[in-house]
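Residue numbers (this note's numbering), protein chains in the order written: chain R, 1 to 113; chain B, 1001 to 1111.
Any given hint could be a false lead.
[As the list claims (entries may be wrong)] Reference excerpt, derived from the structure (chain R facing chain B, CB under 7 Å, subset only):
#1 Pro39
#2 Gly42
#3 Tyr99
[Said to hold, decoys possible] Derived list of chain R stretches under chain B, where covered just means 3 residues or more per stretch with a C-beta under 8 Å from a C-beta of chain B:
#4 68 to 78
#5 88 to 98
Treat the hints as calculated values from the structure; they're not laboratory data. Since this is a predicted model, take the numbers as computed values, not measurements. All C-beta atoms in this analysis are idealised placements derived from N, C-alpha and C, irrespective of residue type, glycine included.
These are the residues of each chain, in order.
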Amino acid sequence: KAGVTQTPRYLIKTRGQQVTLSCSPISGHRSVSWYQQTPGQGLQFLFEYFSETQRNKGNFPGRFSGRQFSNSRSEMNVSTLELGDSALYLCASSYHDSYNEQFFGPGTRLTVL
Amino acid sequence: GQQVMQIPQYQHVQEGEDFTTYCNSSTTLSNIQWYKQRPGGHPVFLIQLVKSGEVKKQKRLTFQFGEAKKNSSLHITATQTTDVGTYFCAGFYNQGGKLIFGQGTELSVKP
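Bound-form chain B, shown alone (with noise of 0.2 Å):
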């Protein structure tokens, strides 16, 4: 079915280390896209990844996507305390055209 695993679903870091999630989806997804949730805030829009193996970069942190479209990691450099938050991924499904997000990976950082 269409459905998007996230790990790990919560995360613990010294300040200055790094930090990772990654979700993986049974079937290929057209796309997936990463959100940011603050706490007590609400998603907000990160990147986007379309295409097989594709890797972006925005400063400390680095997205990829797999070669089969169906796995994609998140990996921030150094963590700051401004890192704070729930990172999701959401894949696209071509079929019934879907944004299916994962269950969120809530990020602390302890200074």
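Chain R on its own, in the form it takes in the complex (with noise of 0.2 Å):
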């Protein structure tokens, strides 16, 4: 089976512009996490999609918002881009939910100036 794929790897913007990113999990896979991860605070849980619907949501400001298509890929968008949002952003899919094992794909570098 393939993995969990990420578009694009890395990415530059500057501040107040907005990003979608994508992630692909892995065939079969219905729910999709996203996650910040950042060298100071870790990774950080930004939301979780199964069957097109957010099932669980972060501590993350309304300029962070995602979603899930029929096929299980997900999208997420961060509006209004701020310094603080450079970080490397990991989706993971899972079978059923985050209780069992999650796999991760490689990430997508942003990086605001």
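Got two chains here, each in a separate frame; can you build the complex from them with the hints?
Next comes the structure, spelled out in structure tokens:
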């Protein structure tokens, strides 16, 4: 089985812009979770989607949003980018939910200038 | 609240020495998962512990889950340079159904 894929791998944006990141889970996996990873904060949970519905949400501002499509692929969007949004954004998939093993993608490295 | 504290943040050891990282939650966990992230890589699942007092071993790695299901540890015996990376614990909370990661312990091994 192919692993979790994320596109793009690298992005450079300027403050105020918006960005969309994409994640394709492992075939058959219906749960997709998103995490923000920064050196100072570790892995912070953004949200989890299952069958096109947001099942859980972390403590991030409304500028961070996501969605999941019928094929389980997921996107996350960050609007009005701030310098502090620079981070590695990781998505992880699992068959049903994050109670079980999470399979992570390689991440998207976002730099906000 | 739902928070997982992990210590230490960094650990530098000489090859052959042992290493331990600890995780603690103020509330009971449904399970705890451990992940390893190599430099420049992404987290990779190592193991899941579910039962109170559970102990699991993978070669030189020993994982423990506390009796109260609020704490866990990972112990590596006789570290090797291949053990380098950041080790994360992640606790799953039934209330809310969230997986919350600890801050991670970055392990460096000097040959």
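Practice task
Check, residue by residue, whether the segment 68 to 78 of chain R contains three or more positions whose beta-carbon lies closer than 8 Å to a beta-carbon of chain B, and give the verdict.
Solution key: Coverage by chain B is violated for the segment 68 to 78 of chain R (0 residues, Cβ < 8 Å).
Exercise for the section: Grab the minimum C-beta distance from Gly42(R) to chain B and call the hint holds if it beats 7 Å, violated otherwise. Expected result: Where the cut-off is 7 Å and the nearest Cβ of chain B is about 4 Å from Gly42(R), the hint holds.
Problem - Claimed coverage, the segment 88 to 98 of chain R by chain B - three or more beta carbons nearer than 8 Å - result: Held - the segment 88 to 98 of chain R has 4 residues with a Cβ nearer than 8 Å to chain B, which meets the minimum of three.
Practice task
Identify whether the interface hint at Pro39(R) stands, where standing means a beta carbon of chain B within less than 7 Å of its own.
Solution key: 10 Å, violated
Exercise for the section: So, Tyr99(R) near chain B? Judge it on the closest CB pair being under 7 Å. Expected result: Holds, because the Cβ-Cβ distance from Tyr99(R) to chain B comes to roughly 5 Å (cut-off 7 Å).
Hint compliance for this structure: hints 1 and 4 are broken, all remaining hints hold.
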